[in-house]
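All chains, please: the whole structure from these sequences, using the hints.
Taken in order, these protein sequences are the chains called U and X.
Under my numbering, the first residue of the first sequence is numbered 9, with each subsequent residue one higher.
Under my numbering, the first residue of the second sequence is numbered 37, with each subsequent residue one higher.
Fair warning: there could be bad hints in the mix.
[Said to hold, decoys possible] As a list, the in silico DSSO-like pairs of lysine-lysine whose alpha-carbon atoms are at most 30 Å apart:
1. U:Lys372 to X:Lys106
2. U:Lys372 to X:Lys204
3. X:Lys243 to X:Lys204
4. U:Lys201 to X:Lys49
5. X:Lys49 to U:Lys372
[Said to hold, decoys possible] To list a few chain X residues with every Cβ distance to chain U over 12 Å, as calculated:
6. Glu95
7. Asp135
8. Lys204
9. Gly211
In case anyone wonders, no lab produced these hints; they're calculated from the structure.
The beta carbon of each residue, even a glycine, is placed where N, CA and C say it ideally should be.
Spelled out from the first residue to the last, the chains are:
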Amino acid sequence: MSSETATGHETHSHTHGGGHHHSPEELKSLTELEGLRDSARNKAKADYGDANIYLSEKDFNDDSLRPMFETKPGYFLFVIALASVMAVGVAAFVRQMVVGMGVTGLHQPVFWGAYIATFVFWVGLSHSGTIVSSILRLTMANWRRPILRGAEAMTAFSLMVAGLFPMIHVGRQWRVYYMFPLPNQRELWPNFKSPLMWDMMAISIYLTGSLTFLYIGLLPDIATARDRAISNGNWRAGYLRLLALGWRGGNYDWAVYNKASLFLAVIILCIAPSVHTIVSWDFAMTMTPGWHTTIFGPYFVVGAINSGVAGVILLMIIIRSIFKLQHIIRDLHIDCLGQLQLVIALIWLYFYFCEFNVTWYSHKPEEMAVWDWQWERFPLQLIAMVGGTALAVGLLGFKKIRRNMKAMVAITILINIGMYCERYLIVVPVLSHRDNPYKWTDYWASPTELSIILMSFCFFALLYAVFIKVFPIITMADVKEGVVISGDVRLGKHAVRVQVKE
Amino acid sequence: MKIFNADKQNDYKWAMVIDLDRCDGCGACVIGCQTENNVPTVGQDDVATGRSMHWIRIERYIEGEYPNVKVRFLPMMCQHCEAAPCESVCPVYATYHNDEGLNVQVYNRCIGTRFCGNNCPYSVRFFNWWDPSFDEATRNQLNPDVSVRERGIMEKCSFCMQRIRRGKDHAKDEGRPVKDGDIQPACAQTCPTGAITFGNINDHESKVHEMVHGKRAYRLFEEKGTHPSVYYLKGGAENVF
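This is the structure in structure tokens:
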């Protein structure tokens with residue numbers, strides 16, 4: 009049943025529902041109110057209610073699969089450029105591993121620096137994709153349909169990139185497997201009391217979950233792509249045939265698919281907040297002033313979603329403009345994502361308010377040492393951190409801005425610059441001005457760290473670019489599912505209005 | 037369930053007392069420790085970037101305005117906390133508490149996450165940023181009782197564990213418990229003013245036991261609840277009772 013029918017029913021029961029006695033004046037004003045409400049609703053419907061895509065199925069398939077099957081020379085140039093920047097980062101990492109961690113700017117007591125800040129940034133970015141996708145699936149938001157895949161892929165890839173950082177940053181990378189609970193002769197276990205241990209488990213569970221979620225969601229689309237690849241004799245037919253698991257689109261296939269994606273959506277929705285809570289505990293569980301705070305769990309989760317939604321918007325705008333998909337990922341979808349961003353950004357500003365207000369008011373000397381140092385050393389980063397989100401809150405209320413792609417690109421980039429600064433300011437100032445004033449220092453990231461961080465961004469882009477070429481980037485099955493066909497069907501003498509969903 | 041097992045009773049619980057009135061900041065303990073424990077020489081560049089490696093260091097605090105300036109010295113090393121914050125956060129059990137109250141670092145197990153260093157309020161854990169290097173003059177006099185640490189791992193004061201082990205072995209050979217004064221870490225042995233005293237705090241006859249229960253004894257960052265095994269005796273004439 010479409011949402012329109014549901015609301016129509018609601019109106020009906022309000023006007024004629026039993027038990028209410030109104031005077032004629034009241035009734036008149038009520039009718040006026042309802043009239044106002046209906047006109048507002050009609051306007052909203054005109055703007056948002058219709059998330060359909062007006063294409064024939066063939067055109068839609070063609071357009072959605074074009075990014076996958078048609079490759080321009082620019083794509084290869086892009087991939088080569090990414091790979092060469094990555095090569096610099098890989099070389100820097102190898103040198104770091106061979107020579108020692110001394111090539112970073114880290115020192116006592118700033119034992120964690122830009123690597124960990126970047127790690128938290130990537131884990132944060134990974135949050136929105138799957139969480140937004142599962143929330144939208146569960147709430148059956150109609151506008152979700154074309155963007156799900158892009159969001160889920162963003163989660164999987166940013167999580168993979170994030171997972172690199174703990175391994176890059178440890179002192180003996182070749183012993184990193186000590187973290188895993190592997191059976192060994194000495195019967196040594198990892199320390200399950202350590203937040204890093206929880207972190208490793210949370211991230212591997214989340215990565216497994218989101219990859220499964222991504223794959224299950226892909227199944228029907230893989231089958232569509234497979235059919236096309238087979239009929240075109242494309243090389244992709246090989247792996248697509250394998251990965252489609254013999255999908256034929258029968259009733260049983262769909263029933264299992266729907267059950268699995270619903271189940272996974274619920275599971276992922278539970279895992280995702282726990283993951284970033286645990287990442288926050290890498291900091292909050294310590295006794296370091298500035299880190300040890302109870303707000304960190306929800307604070308990190310909301311911050312993650314804030315940067316993640318911005319990431320989804322940015323990626324969607326880039327994809328639709330590169331592959332000319334403006335008629336599938338329409339302004340409407342960006343608009344709706346912009347509204348979601350507005351809500352999250354408001355919550356995030358509230359968290360900033362809570363954190364700053366409480367720290368400053370209590371004025372504990374050890375917290376104020378960090379506070380003062382932050383304002384003295386990183387004023388620009390602080391402005392970027394609060395300003396990015398504050399700007400979003402100020403601007404995203406306007407529909408014109410939400411439908412202006414250049415403005416949206418600027419806003420989402422500013423939000424994410426702010427979120428990166430926020431992660432940096434959590435890690436670095438706290439460590440450089442901590443309990444023992446004899447050891448107060450400053451920290452600068454070294455060229456090695458910078459090139460490895462740059463590598464992580466290129467790696468993400470590369471994974472995404474390759475993904476677009478091997479799997480359909482548009483959630484085709486979901487879009488088709490949302491298409492409503494309505495028309496008159498003759499039943500004997502009568503013509504009956506019917507609505508059909510695929 | 038307890039996160040820290042601080043109440044465990046044992047014959048030995050090693051503790052150190054540092055009399056700040058006796059410390060004149062000469063730094064002999066730093067050199068003694070460096071020699072005994074094969075602590076690498078990191079060089080002046082690394083010292084300038086904050087990577088100095090001294091298991092014990094003399095912290096200088098300057099009070100007052102010129103000309104009424106008073107310099108105070110605070111020898112700082114691993115405090116061997118009973119409730120050590122560094123231990124619980126290590127994901128691979130590379131640091132743990134042994135039965136004698138020592139906070140022990142297992143070099144072979146350490147993978148260098150440096151989480152312990154982040155959770156140490158005293159900043160007394162040291163990371164090997166490079167391969168260990170030693171001055172030409174000292175290369176041939178490394179202590180065979182102490183392993184040289186690889187790059188990429190954490191290290192810190194061990195209360196000269198090798199000397200404790202040797203002291204206990206001697207006592208066992210003679211069929212008696214360790215006596216007060218049997219064991220001396222390198223810093224205590226080297227200190228020309230005798231500011232550092234080491235001993236078994238569970239032995240109620242020991243010197244450290246007596247000093248710890250004096251009026252001048254205090255521990256660093258007591259409010260953190262880490263229960264260090266290193267006690268300081270307040271310095272400054274006005275504090276002597």
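Okay, the hints, checked on the actual structure:
1. U:Lys372 to X:Lys106: holds (27 Å)
2. U:Lys372 to X:Lys204: violated (46 Å)
3. X:Lys243 to X:Lys204: holds (18 Å)
4. U:Lys201 to X:Lys49: Holds - the C-alpha atoms of Lys49 (chain X) and Lys201 (chain U) are around 25 Å apart, at most 30 Å.
5. X:Lys49 to U:Lys372: It is violated: about 35 Å lies between the C-alpha atoms, which goes past 30 Å.
6. Glu95: Per Cβ check, Glu95 (chain X) is inside 12 Å of chain U; nearest 4 Å; violated.
7. Asp135: With a cut-off of 12 Å, Asp135 (chain X) remains clear of chain U, as the shortest Cβ separation is near 18 Å.
8. Lys204: holds (24 Å)
9. Gly211: Label holds. Min Cβ-Cβ 33 Å, cutoff 12 Å.
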